[in-house]
Amino acid sequence: MKRSVNLAAATAIGLALGASSAMAEAIKIAFIDPLSGAFASTGENGLHQYEFAVETIVNEKGGVLGGKTFEMVGFDNQTSPKESLIQLQVAIDQGIRFIVQGNSSGVANALTEAVEKHNNRNPDSRVLFLNYSAVDPALTNEKCNFWHFRFDAHADIKMDALTDAIKANDAINKVYVVGQDYSFGKAVAAAAVAMLGEKRPDIEIVGNELHPIGKVKDFTPYARKIIAAEADAVITGNWGSDMLGLGKAIIENGFTGPIFTYYAAADGITAAFGESGVGVLRLVAEGPNNPPADEAAQEYIRAFKAKYPEGNISQARVTNVVDMLAQAIEKAGTADDVVAVGMALEGMKTESMWGGELYMRPEDHQLIQNVHVFAHSKVEAPFDFDNSGYGLTHETTVENASADIATTCEMERP
Amino acid sequence: MSQLDQTRVRAATGGLNLTALAPWVIAAIFLAFMPFVFTENSAITIMNQMAITIVFALAYNMLLGQGGMLSFGHAVYMGLGGFMAVHVMNYVEDGWIALPLPVLPLFGGFFGLFFAALIGSFSTRKAGTVFAMISLGVGELIASCSVIIVAFFGGEEGVSGDRTYGIPVLGYEFLQQIEVYYLIAAWLMISAALMYLFSRTPVGRMANAVRDNPERAEFLGYSSRWVRFYSFCASGFFCGIAGGLFAINYEILTEENLNLATSGSILLITFLGGVGFFFGPIIGAIVFTLLATVLKLETELWQLYVGALFVLTVMFFPGGLAGLLTMHVAPWRNGRLGFLVKPYLTTLLPGMFGVFGLAAATELLFHARQSAIGEDEMGLFGMTVSAHSPIAWGVALAVAITGLWLARRGAPGLKAAWDEAATPQSGGGAGR
Amino acid sequence: MDLILVNLIDGLVTGLLLFMLSSGLTLIFSMMGVLNFAHASFYMLGAYFAYQISRSIGFWPGLLIAPLVVGVLGALVERYGLRRVHKYGHVPELIFTFGLALLIEEIVQFFWGRSQVAFDPPAILQFTLFSISGNSIPAYKVFMIFISLAIFIALLMVLTRTRVGLIIQAALSHPHTVETLGHNVPLVFMGVFGVGTALAGVAGVIAGPVLGTFPGMAIVLGSIVFVTIVVGGLGSLWGALVASLLIGWITTFAASYNVGLADVFMALGFERPDDLSESMFRDAWSLTLPQVGPILPYLLMVLILAFRPRGLFGKREV
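Protein chains in written order, with this note's numbering: chain A, 1 to 414; chain B, 1001 to 1432; chain C, 2001 to 2318.
Watch out, some of these pointers could steer you wrong.
Per label pair, the in silico range of CB-to-CB distance [what the hints assert, rightly or not]: (1) Pro414(A) with Arg1205(B): 53 to 61 Å; (2) Phe2307(C) with Ala190(A): 34 to 42 Å; (3) Ser2056(C) with Ala293(A): 39 to 47 Å; (4) Leu2299(C) with Asn387(A): 40 to 48 Å; (5) Ala1261(B) with Phe2265(C): 32 to 40 Å; (6) Ala1261(B) with Gly62(A): 43 to 51 Å; (7) Ala190(A) with Arg2055(C): 42 to 50 Å; (8) Ile1401(B) with Leu2008(C): 55 to 63 Å; (9) Ser2056(C) with Lys378(A): 23 to 31 Å.
Don't read these hints as lab results, they were simulated from the structure. Since the structure is predicted, the reported quantities are computational estimates derived from the model, not experimental observations. No residue lacks a Cβ here, since even glycine has one placed at the ideal position from N, Cα and C.
Model the full structure from these sequences, guided by the hints.
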């Protein structure tokens, strides 16, 4: 009895895995992010951005290496480190050599370690890990390795740009820092305190606290404290419903100063804030002004929205990932030897389609790019988010942000 | 590898009982040959995951099935055991202690046992709702602590290690997944055998008695509280072993190993497999892992289907899959299994088509609402159809309605055939 | 001092909201002996139904219609689901409602997507009613307080002044006697389940706009509701009220005051180590009250169950 069930099970594994492992001409890129579960909408939108980017930037222009196309393959990790490691193994077995992932630094951390171990133990099937969104500074510092490349500005770089904006604003004298109680929230808080202390020693940090992640039902008490502390500005690294809940509570209770955030846009958040967020919400990120100055970039967004009306270009850096990978493969002359591709990616300098220069720093594999502070404001369709009529517009820009930021990375090259 | 266990099984069952040993021998041979059938690393990874889940589910069923105790926070004991195992792994890497990797799960087991004894000392005083609520509270507390107490749990990114620093065993350093597979398979056999033997000990037997009627058990002179406590500790030990195996396979433990979602899914797995039978959780773990990996490749809505399957199982087959299988034992003994073939064909086959039709309609609806403009093409059971085509909708709904209607019409016939097949033949030649 | 008053009001809002859920749950438990794990899922359904209705015909009709729909759904679940599972025993019942909670979450995601939906308070209530030293009290919160109080009073009247209420009360304390007296107990069960879930629906309608309407909202609140009725004492309406308010205030005040464990240690005479990074207890030294606020209710529940299993006001043991 047990045996027959086992056999049926085994057959099913074989069928499911075998069916998809046929090799094709295309260069496959594994997208390991949530496609089911609570964060599926973010993952889904990310996959759409990748699919659109490889079509538009690579395939329609004739591919790489004389005609090879890119193909995105989605793997659902449910934002779980364990699932991610299983999916990584499945992707490697399918002959995929490039992995992209971004949602959750916890997952990125598990993946970068697994990739390093795998590459050391299996030199024949090495892979590159292109991290497009996980911003824990550790990934390009003490935990860096040759196989990991980060295309987003990490938390400290963003905080550097953000504190530059605060530095220039004389109206801000008291700052309140609040965040989720985990590594990223703590990193944001530590960076905010350190950098503000350096750039504006006169600013008083009137509050610095952490709340449990995803467990707070009502953020009103936090809003009360912020008002009571007479803060002029709030800094938070919150995301998802914690961001929305905190922001709404603060605004509802009469706060009018700027709330500096990392993730208060898209995935329903822009729509949910709507008019109430105008003049209050700020967001630090790379990416285009809306509408972008460049006609080609405008056309790209229009075409994307025509294809995915419910989607957002919320991670504009996806185009940088695809573009730089294509260039590196061309330069290396191969898509199979990931060491050569990695070497070509190191130190690469190119232009972003959203404006500004991109430079992949060889010492830690951190992309140096322009970082902006955006304001949540009224934006014409299709450059708005969530089809809400609201979106992000540039307020200040730091060119080649933190190009000389220190790193503790000691890169070991194969 | 399971020589030892086989002798123990023999001792427990009293004498050389080949029929009792047969399933174990078959399982061992089967486990040994699986990697020759599925050579891909990913298949081996999934089989490892299955084996770990089996150990965990069996340990969970020591409480739920054998002891009648419903725990909503059992991931805690597996998680804590796993964290301890990773820490030990790191001590080995740092050279503080030298240890062969295969004994690592023992550390997880003892840590799980330690915590189970600690929590069980007050949670097992009462059964039923009190126990369930305490397990929920403790589960939530420890899961929340895991992001607060960074020194032990490593915060959100968890604690990771490298399994290859242990003393090599017979020259193996456990670099490859296949080596890990055999290690986990050996532990699976050992743990399963020990858990089976536990259910045969007086404590294991008394756990059943306490589950069914605690008052009577007390009158017999057994403290139902201590019986629950011993079961809880044993369960904690094997959960810890599962955690240790997890640490070896993934080399990382994170908050997800402790949280309520993991606790909930082990309940789901165990119940789906069937709590009333020793092998129920084994089936549950295999089926669920397959659903989670195979169904996920096919559809985004897999959690919806699993949820529906679970609710239907509780409503219609509280014995789970194992219960369904063992239902056939009586007809088989009676030699009347053949009676069931026809009603099965006329009821279950249309029913299956009905369910597929329903699933197709669900997928169509989902695709029509979610897909990109100009991309209404979608794959459905190997065909490519348009989500907006009335034909596809018509076919799906027609299949669903006809199938379910036929199944419903055939249900009384199936039940009659069942009753007949399950009745012993001594009653004379039933109408033929 | 002013902040204390503001916190008292905020805690009252949270507490009364919890009460609307826990009152229904505790009634259902004491009659049927089943802890309905899916109770918070009905709360979520209330919010989503009201959102859907508010998009077409406005918030106010939604406040009436959505709970009714939720109540009917609840009654159907009792009639065709729970009653069937009932014969297998309490553990399968609990597992059934657990599975139902998972299923409802998936269904909500199927129809309304995974992101938060933009469900806002009605425009007529979007103003600041009054302020206490710079802290504004929105009119909507006061409206929430009044709705909850009205429901509590109505529930109390029904339970104490009507015949149905008397039967229910009798069934709370002596379920078997009521059955032998010839009352249609299954019908009463269905009715109580329907009303209980409808109450959860009301809570969802009025909480959705302020606490956010998203697929995770049931999980965030679900287990806390359990904690509430266990702490208050199963089957006790007054216990549910007291425990709801207690937990509302505990979580609000815990989030408001940054008392650190380090302060406690130092008050006890321990010395703060200079280099925390190597200390085994480094996390304890940096721990503050807001960090643990939301898990305090669980601690409370475990302590209550360990020392007083019948809860604060309960007459029967759990």
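Assuming the hint says 23 to 31 Å, is it satisfied by the Cβ distance from Ser2056(C) to Lys378(A) or not?
At 26 Å between Cβs, range holds.
Has the hinted range 53 to 61 Å been met by the Cβ atoms of Pro414(A) and Arg1205(B)?
59 Å, holds
Go ahead and decide if the range 42 to 50 Å is satisfied by the Cβ distance of Ala190(A) to Arg2055(C).
43 Å, holds
Quick one: are Ala1261(B) and Phe2265(C) within 32 to 40 Å, going by C-beta?
Given a distance of about 34 Å, which is inside 32 to 40 Å, the answer is holds.
Do the Cβ positions of Ala1261(B) and Gly62(A) conform to the proposed distance bound of 43 to 51 Å?
46 Å, holds
Range agreement (Cβ of Asn387(A) with Cβ of Leu2299(C), hint 40 to 48 Å)
44 Å, holds
May I ask you to test the hint 39 to 47 Å on the CB atoms belonging to Ser2056(C) and Ala293(A)?
40 Å, holds
Whether the CB-CB distance between Phe2307(C) and Ala190(A) falls inside 34 to 42 Å:
40 Å, holds
If you check the beta carbons of Ile1401(B) and Leu2008(C), does the distance land in 55 to 63 Å?
Holds, since Ile1401(B) and Leu2008(C) (Cβ atoms, about 57 Å apart) stay within the stated range.
Figure legend: structure checked against the earlier numbered hints; every hint is met.
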